[in-house]
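2 protein chains.
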Amino acid sequence: MTPGAYESGLDRCKANYLPLTPLGFLDRAALVHPDRIAVVHGELQRTWRETRERCYRLASALCEKGLGAGDTVSILSPNTPAMLEAHFGVPLSGAVLNAVNYRLDAQGVAFILRHGECKLLLVDREFAALADAALALLEHRPMVIDINDHLAPLCANVGDIDYETFIRSGSPDFEGVWPDDEWQPIALNYTSGTTGDPKGVVASHRGTYLMSLLQMTNWPLTRAPRYLWTLPMFHANGWCFTWAITAAAGTHVCLRKVCAETVFDAIDNQGIDHFCAAPIVMAMIANAEDRPALKTPVRVLTAGSPPPASVLNAVVSRGFDVDHVYGITEVSGTPISCVWQDGWDELTPEEQGAKRVRQGARAAAFESLMVADTDTMQPIAKEGQTTGELLLRGNTVMMGYLKNDSATRKAFEGGWFHTGDVAVVHPDGYVQITDRCKDVIISGGENISSVEIEEALHCHPAVLYAAVVAQPDDKWGEVPCAFVELKTGVEPPTEAEIMMFCQARLARFKCPRRVVFTELPKTATGKIQKFLLREQAGSRDAIVRLASNG
Amino acid sequence: MTPGAYESGLDRCKANYLPLTPLGFLDRAALVHPDRIAVVHGELQRTWRETRERCYRLASALCEKGLGAGDTVSILSPNTPAMLEAHFGVPLSGAVLNAVNYRLDAQGVAFILRHGECKLLLVDREFAALADAALALLEHRPMVIDINDHLAPLCANVGDIDYETFIRSGSPDFEGVWPDDEWQPIALNYTSGTTGDPKGVVASHRGTYLMSLLQMTNWPLTRAPRYLWTLPMFHANGWCFTWAITAAAGTHVCLRKVCAETVFDAIDNQGIDHFCAAPIVMAMIANAEDRPALKTPVRVLTAGSPPPASVLNAVVSRGFDVDHVYGITEVSGTPISCVWQDGWDELTPEEQGAKRVRQGARAAAFESLMVADTDTMQPIAKEGQTTGELLLRGNTVMMGYLKNDSATRKAFEGGWFHTGDVAVVHPDGYVQITDRCKDVIISGGENISSVEIEEALHCHPAVLYAAVVAQPDDKWGEVPCAFVELKTGVEPPTEAEIMMFCQARLARFKCPRRVVFTELPKTATGKIQKFLLREQAGSRDAIVRLASNG
Numbered sequence: 001m002t003p004g005a006y007e008s009g010l011d012r013c014k015a016n017y018l019p020l021t022p023l024g025f026l027d028r029a030a031l032v033h034p035d036r037i038a039v040v041h042g043e044l045q046r047t048w049r050e051t052r053e054r055c056y057r058l059a060s061a062l063c064e065k066g067l068g069a070g071d072t073v074s075i076l077s078p079n080t081p082a083m084l085e086a087h088f089g090v091p092l093s094g095a096v097l098n099a100v101n102y103r104l105d106a107q108g109v110a111f112i113l114r115h116g117e118c119k120l121l122l123v124d125r126e127f128a129a130l131a132d133a134a135l136a137l138l139e140h141r142p143m144v145i146d147i148n149d150h151l152a153p154l155c156a157n158v159g160d161i162d163y164e165t166f167i168r169s170g171s172p173d174f175e176g177v178w179p180d181d182e183w184q185p186i187a188l189n190y191t192s193g194t195t196g197d198p199k200g201v202v203a204s205h206r207g208t209y210l211m212s213l214l215q216m217t218n219w220p221l222t223r224a225p226r227y228l229w230t231l232p233m234f235h236a237n238g239w240c241f242t243w244a245i246t247a248a249a250g251t252h253v254c255l256r257k258v259c260a261e262t263v264f265d266a267i268d269n270q271g272i273d274h275f276c277a278a279p280i281v282m283a284m285i286a287n288a289e290d291r292p293a294l295k296t297p298v299r300v301l302t303a304g305s306p307p308p309a310s311v312l313n314a315v316v317s318r319g320f321d322v323d324h325v326y327g328i329t330e331v332s333g334t335p336i337s338c339v340w341q342d343g344w345d346e347l348t349p350e351e352q353g354a355k356r357v358r359q360g361a362r363a364a365a366f367e368s369l370m371v372a373d374t375d376t377m378q379p380i381a382k383e384g385q386t387t388g389e390l391l392l393r394g395n396t397v398m399m400g401y402l403k404n405d406s407a408t409r410k411a412f413e414g415g416w417f418h419t420g421d422v423a424v425v426h427p428d429g430y431v432q433i434t435d436r437c438k439d440v441i442i443s444g445g446e447n448i449s450s451v452e453i454e455e456a457l458h459c460h461p462a463v464l465y466a467a468v469v470a471q472p473d474d475k476w477g478e479v480p481c482a483f484v485e486l487k488t489g490v491e492p493p494t495e496a497e498i499m500m501f502c503q504a505r506l507a508r509f510k511c512p513r514r515v516v517f518t519e520l521p522k523t524a525t526g527k528i529q530k531f532l533l534r535e536q537a538g539s540r541d542a543i544v545r546l547a548s549n550g
Numbered sequence: 001m002t003p004g005a006y007e008s009g010l011d012r013c014k015a016n017y018l019p020l021t022p023l024g025f026l027d028r029a030a031l032v033h034p035d036r037i038a039v040v041h042g043e044l045q046r047t048w049r050e051t052r053e054r055c056y057r058l059a060s061a062l063c064e065k066g067l068g069a070g071d072t073v074s075i076l077s078p079n080t081p082a083m084l085e086a087h088f089g090v091p092l093s094g095a096v097l098n099a100v101n102y103r104l105d106a107q108g109v110a111f112i113l114r115h116g117e118c119k120l121l122l123v124d125r126e127f128a129a130l131a132d133a134a135l136a137l138l139e140h141r142p143m144v145i146d147i148n149d150h151l152a153p154l155c156a157n158v159g160d161i162d163y164e165t166f167i168r169s170g171s172p173d174f175e176g177v178w179p180d181d182e183w184q185p186i187a188l189n190y191t192s193g194t195t196g197d198p199k200g201v202v203a204s205h206r207g208t209y210l211m212s213l214l215q216m217t218n219w220p221l222t223r224a225p226r227y228l229w230t231l232p233m234f235h236a237n238g239w240c241f242t243w244a245i246t247a248a249a250g251t252h253v254c255l256r257k258v259c260a261e262t263v264f265d266a267i268d269n270q271g272i273d274h275f276c277a278a279p280i281v282m283a284m285i286a287n288a289e290d291r292p293a294l295k296t297p298v299r300v301l302t303a304g305s306p307p308p309a310s311v312l313n314a315v316v317s318r319g320f321d322v323d324h325v326y327g328i329t330e331v332s333g334t335p336i337s338c339v340w341q342d343g344w345d346e347l348t349p350e351e352q353g354a355k356r357v358r359q360g361a362r363a364a365a366f367e368s369l370m371v372a373d374t375d376t377m378q379p380i381a382k383e384g385q386t387t388g389e390l391l392l393r394g395n396t397v398m399m400g401y402l403k404n405d406s407a408t409r410k411a412f413e414g415g416w417f418h419t420g421d422v423a424v425v426h427p428d429g430y431v432q433i434t435d436r437c438k439d440v441i442i443s444g445g446e447n448i449s450s451v452e453i454e455e456a457l458h459c460h461p462a463v464l465y466a467a468v469v470a471q472p473d474d475k476w477g478e479v480p481c482a483f484v485e486l487k488t489g490v491e492p493p494t495e496a497e498i499m500m501f502c503q504a505r506l507a508r509f510k511c512p513r514r515v516v517f518t519e520l521p522k523t524a525t526g527k528i529q530k531f532l533l534r535e536q537a538g539s540r541d542a543i544v545r546l547a548s549n550g
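Line by line, the protein sequences give chains A and B.
Sequential numbering of the first sequence, starting at 1, is according to UniProt numbering.
Sequential numbering of the second sequence, starting at 1, is according to UniProt numbering.
Read the hints as simulated data drawn from the structure, not as lab findings.
Any given hint could be a false lead.
Which copy is meant is left open, because identical chains are indistinguishable; a pair holds if it fits in one copy or across any two.
SDA-like, lysine to any residue: derived pairs with alpha carbons at most 20 Å apart [to be verified]:
no.	residue 1	residue 2
1	Lys14	Ala372
2	Lys14	Asp181
3	Lys14	Thr376
4	Lys527	Asp265
5	Lys257	Gly271
6	Lys14	Met370
7	Lys14	Glu182
8	Lys438	Gly343
9	Lys295	Ala110
10	Lys14	Arg409
11	Lys382	Asp173
12	Lys355	Asp268
13	Lys522	Gly94
14	Lys14	Trp183
Starting from the given sequences, assemble the full structure and let the hints guide the process.
If you want it as structure tokens, here you go:
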């Protein structure tokens, strides 16, 4: 070969190399489908042309206020049009979007605003009091904008200006501040701190663009999806569906409050065909009364703490097309999914449930995963028994934790992102999470999976939710302690009955030594807050930091 | 903000930044669907596990022969399993894949092998004679491997070793040579030279990865598509569907010879649900006799020279779900498509045809397009009348032309890729190609679109194909000359009748001054070879270089 023939005259230039960013999806939706409904919120509907204009006005108004590259703009809001607009308008000003979990207490919110160095805060009026209390804890008060969403409860405002007034001050002809490198931050999402301070996950334009395409290809999204916002947008930017649904020029159907009734109503009245559901939403659907099976299938992605097979099966039997996926904030979404195999349709419902409860395999658009012994960094055997830590490597993995080099280094040790989740790998290569690293119960030297015990408990007809944590024990080190929330309208079982039920299903050493009947504490995203239960059980490592364990 | 908080501790590392490449799609398909049929070729079927193994064996064997980064491996083959395997096996050796148009003559093939500095040539035995003649013209003979495809006609071999023997020598446990930078070449595809030497378009791992995801999201591909290979894989790597169908873990159904019969048979017997079709294939389908309408819709992408509305409508009326797209080798596929609008279902078939014949708008995963006056580089008015050149800017645009800096510079002038296609932009933003730059007829100072005249001719019930080129004229400079291929079994019209037919539909100065009834010369991809017609019409700029005008 002519020396270096492929190495000269083939350089990156403006025509062939542009920073990957999800922001361009908005222009395209507005160009191709200007009159299609982009957002539905109660009786409010806005087209893609209108939505684009509002996003650019927001970006322009932010720039007018001096915000731009390297600045953090925070938002406290449920799933509303303004929350969606922030996903485009804030990064189009050059600033980084920080969507904050509104279930946190004032200390939790204040920690995030302080650590993220929030310059401007957008607040849905429902959370004005929370914002007010958090702002009172800060040394430097950012500028505050009130979002007076028409479906929000009437509350006193806390801000300096109203959102609608603010964006009217911006220009619809603003061109936007586009990233000049795809390795620039677009979003800052705080994980909960169960074992330390919350960590600020920084996502890049490149990573979120690629996760958007991953979501589109892996589900895959159909044309013009009608997507219901049950998953909080503050949760890793709604796993990037804020951007992916826009790329598909679909319709975002907002929802301030998620319950079985509002979900079923949206399906009936808004033609919903896709939504994402945390385990708690799945349980609501599974247990909803007086609802006939769906006429046309609705596609559901579910992730979060591993949902019990009984709940998955119940939702499937109502006519939902359920995909079980695995997501984590540090990867901007769900890189793993339990891909349904050609032959599984022939299995019994129980066998199908056992398949569906597994997290699965990497998406085509995600580069690599390994379940490994982290001492040796060698993959574990694929026999469904040996456990290891789930490690990920791919282009949607975060840039790192903001101002936290030691946590970033630790998370990326050995060139892999450490999820902190314990998993087995089945012979077919599918991964199954058995626990969070910190949730493993070590009893007499044996590792016990809390998830396995929870699975057994969920088979009991009276159990709505179950969570198992470690309880200190002088003889065994730790023993399992079960917390159980019962269904309404059923005969409540006794502690002894539940123990007997477990003994019929589990090895003796895995059976709970104590059963507590209680309403389980849950986060905004429907995860059970095990750290609170651990405290109640007296675990040695119970640390209470935040009201949320998202 | 803490100075540079977002600028330190958030660096690229092995865990979060990997070269984008379509090669990983193969491992994933084999991991998740090892037993699903990957390739069908006549009675031959191979699973994804088998296909992956064969690709890695090929890569290993190539490496053993000393091939690797910076080397070109060429292949002359129709759409067979070996051709598909080359799309993974060759780049997995580190080498660049050069799939050669087998409709070229020996001089054409020799030019490519010489210019691309082919180190190793894979030859399907049907093209052994062509390869032999081309190799005889070279100063340095590359290593040659014979692909003895079981469906190929029996021909003498030309190579040094048989393909099956060769890949058996490779190791199935080979790990592959992966790109260490996504801006490295994966493929070299020669465009035809109608006005100069053929140019070698170099595509990158990044660009082909992103085009694969573009194809998956823009169509969008369903799960497990069964894709029929009517589009030659040598044509811009089958618009990246070689990789995209693999990413979807679909089934590649091969086809050595494309005609209406084999297409309809594959639909009936192989459960085909997706394929791509050049205009000539569309015409075959439109005119196929004795075929009932489809029972379930089959999705078709069509691109190439603008297909006439009458052909599009005829194919739609047979039950095909047709998407009209715009592709070009320099962009690795089809960045533009005529997205069907919500309201178009209510239009008459004629109105629908007028919509569908437009090339359309950019895909969400393609960054930018502009139709501009290239003197001023200003966008033209969006009124469907003014013409300009279609310019593209996006991450799937080629790295450049191999060893042709002047052509690369010219193609990227002003920071845009110049397609050489003339287009108008309609008020809704949809682009419509009116001509290749070189096909515009300039008559008395007026620009005449050859496509517009061809559209009119295709409305005549006896016309199968029509092509219009410029004919020199002493008074007007140029005048339109029409070449017409008639349908079989119809009453042949006279030249005067065709002229009258045009006069009823076109402005007088646009009507052809001469009509020639003839079989039209076509390329392997079904494009009409206008340069041959121009020669026949006596155009001043008729240049004959290659037997193909792909």
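Next on the checklist: Of the numbered hints stated earlier in the document, which are not met by this structure?
Outcome noted: 4, 8, 9, 12, 13
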